[in-house]
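Colleague: One-letter residues, chain by chain:
Protein chains: 2
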Amino acid sequence: MILAPSAQLSWFEDTRVRFESVLADKLGQFKGPSDVLNDAVEYALLEGGKRLRAMLVFSAGHAVGTPMQQLTDSACAIEAMHAYSLVHDDLPSMDNDVLRRGKPTCHVKFGEAFALLAGDALQTAAFQWLAQSQQGSVSVRMQQIAALAGASGLQGMAAGQAIDLAHVGKPMDLQALEQMHARKTGDLIRASVRMGYVSNPGLSPVEQEGLEAYAHCLGLAYQVIDDILDVESTSDVLGKTSGKDALNNKPTMVSLMGLEQARQLLEQLRKKALAACEVIEQDRRGPLETLVELITNRKS
Amino acid sequence: MILAPSAQLSWFEDTRVRFESVLADKLGQFKGPSDVLNDAVEYALLEGGKRLRAMLVFSAGHAVGTPMQQLTDSACAIEAMHAYSLVHDDLPSMDNDVLRRGKPTCHVKFGEAFALLAGDALQTAAFQWLAQSQQGSVSVRMQQIAALAGASGLQGMAAGQAIDLAHVGKPMDLQALEQMHARKTGDLIRASVRMGYVSNPGLSPVEQEGLEAYAHCLGLAYQVIDDILDVESTSDVLGKTSGKDALNNKPTMVSLMGLEQARQLLEQLRKKALAACEVIEQDRRGPLETLVELITNRKS
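Read top to bottom, the protein sequences are chains A and B.
Sequential numbering of the first sequence, starting at 1, is according to the working numbering.
Sequential numbering of the second sequence, starting at 1001, is according to the working numbering.
Same shape as in the complex, but just chain A (with noise of 0.2 Å):
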């Protein structure tokens, strides 16, 4: 069956909101002897936030056949990952902003140790969540431990992070710039979809490049709708510092290639990502389908 576009909007608001609430009672059986460091963790994980990246896994698990309900666990994984690099990239040794979902970052409301705390225990809770999770053979959630930890480490988010921080002030061409988007951001959202399509190991090696090629294009394609809107946004819509690269001289896609050619290379990156799909079914791929569009039109 081929769901009209506002179905798919409807089974992906439903998937999100079901979501929330699968990702707070994960975090309640998982509580700790610290009442403040709970506080802490919470408030970074469950305080707003678009779930992209729990999306992407039930849409990638969709994809191949595989229902919502045994990738939960995976999708959790995925957000308290990505959570612990908010609060870390947040801190003033880091990016030092204030300003995060709109409301005050975490260690503005806890301190500075507690809000370092809170993002390695959210490291630890994303594999921690996987290790014992019921859901899946046990050699499926491996391939999904191993996805997660190749895409966040030395070789994955930490060293995106890291080669921003190198370059503050110094030149960097657009060649470089894509190295350490594909670091800083990418591969977690390759990260995702691969979380999501290992749960059916009868995938084709096709259907496979297919999804990689996928998630790299989208990957790609929300760094640059992410500078586009640093450029064109305001605090207020995005919920975080708008302008802030210009401001630390950072550079962006847009100010190495002019804004015109940035959104020309957004629209290339959305038709190939819409192409790339291609290789799974068609009543399976809307929600993949749905998600490049809600992410190259993203107002926030």
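Mixed in with the good hints, there may be bad ones.
What the hints assert, rightly or not - No more than 30 Å apart at the CA atoms, straight line, and that leaves these computed lysine-lysine pairs for DSBU-like:
#1 A:K26 <-> A:K109
#2 B:K1250 <-> A:K109
#3 A:K170 <-> B:K1031
#4 A:K170 <-> B:K1109
#5 B:K1031 <-> A:K250
Stated by the list, open to error - Negatives, chain A to chain B, calculated, CB over 12 Å:
#6 V64
#7 Q69
#8 S152
#9 L256
#10 R270
#11 Q282
In short, the hints are calculated from the structure, not lab data.
Glycine included, C-beta positions come from ideal geometry on N, C-alpha and C.
The hints should help you fit chain B onto chain A, whose structure is shown.
Modeller: The following block gives chain B in isolation, referenced to the frame of chain A:
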């Protein structure tokens, strides 16, 4: 074969030296595109350290018949997790320490932002190394990941550090102090033993309970001797700042129960740990016994 004490020490030292080389190789295989982050991680992980937790993994493995070669990834993982915790604990917003293992702490050498990222990447590496390991069955490795994560986050080490922070300048009774230490250091010591013994799925419940009791006593003993050394030793010998707890007005086992009583408790824990590992055949428990002596007699 029951080894004489000198032969035990020789097994011990030989294993430790071989492990150092394995750990350096492991990190070498997982470096990423940021040179400064690679360097900061290498500095934090490879420069010194007694490798107590790795030796616990190997000794518990020896006790259940698993050779060192089948547990090196677990040992690397637990040392990476421990190294992450030291780097973050030393940060200015936490304990603000400048000396570790006789050398400048990671943030003194690399700056606060890179030290933060190095700690983050070390935690990720711990899970990545286990997830991508070829040692043991996938089911054993999943148990090891669960043990490591359970000991480290909201229910373990991060919570212990949060409880510690929340009590600066406030009174704490002995029970609360023991709870705090159990989370802060005891849980990871217990996880080390568990990561070793789960490698043998055929272990009897009695053997498991004995090893858990052993690990519990050893974890507490470790903290008691730590508190005694903080009072009695010098920074030169310790390789980290001595007398810091008294200076920061932090409660310790010594300040709450007195030096003489702390010594008596240490002796009791030593005997209990030795008694607990008697569930293991005599010719396999030598390394566990050696660790008890090394820890309770340590000078730094």
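Colleague: Now look at each hint and say whether the structure bears it out.
Modeller: Now the hints, each set against the structure:
Distance check on the hinted pair: K26 of chain A and K109 of chain A sit about 23 Å apart at the alpha-carbon level, within 30 Å; holds. For a cut-off of 30 Å, the pair hint linking K1250 of chain B to K109 of chain A stands: about 25 Å separates their Cα positions. Taken as a hint, the K170 of chain A and K1031 of chain B pair is honoured in the structure, with Cα atoms around 24 Å apart against an allowance of 30 Å. Our distance criterion of 30 Å between C-alpha atoms is met by K170 of chain A and K1109 of chain B, whose separation comes to about 21 Å.
As the CA atoms of K1031 of chain B and K250 of chain A are separated by approximately 26 Å, the hinted pair is consistent with the 30 Å bound. Distance to chain B confirms V64 of chain A as a non-interface residue, since its nearest Cβ pair spans about 21 Å, more than 12 Å. Listed as outside the interface, Q69 of chain A is consistent with that label: its C-beta sits roughly 21 Å from the nearest C-beta of chain B, beyond the 12 Å cut-off. For S152 of chain A, the condition that its CB be more than 12 Å from all CB atoms of chain B is violated, with the nearest at approximately 5 Å.
Here L256 of chain A stays apart from chain B, with its beta-carbon at least about 19 Å from theirs, past the 12 Å limit. For R270 of chain A, the requirement that its beta carbon stay farther than 12 Å from each beta carbon of chain B is met, with the minimum near 27 Å. No Cβ of chain B approaches the Cβ of Q282 of chain A within 12 Å, the least distance being about 34 Å, so the stated non-interface status holds.
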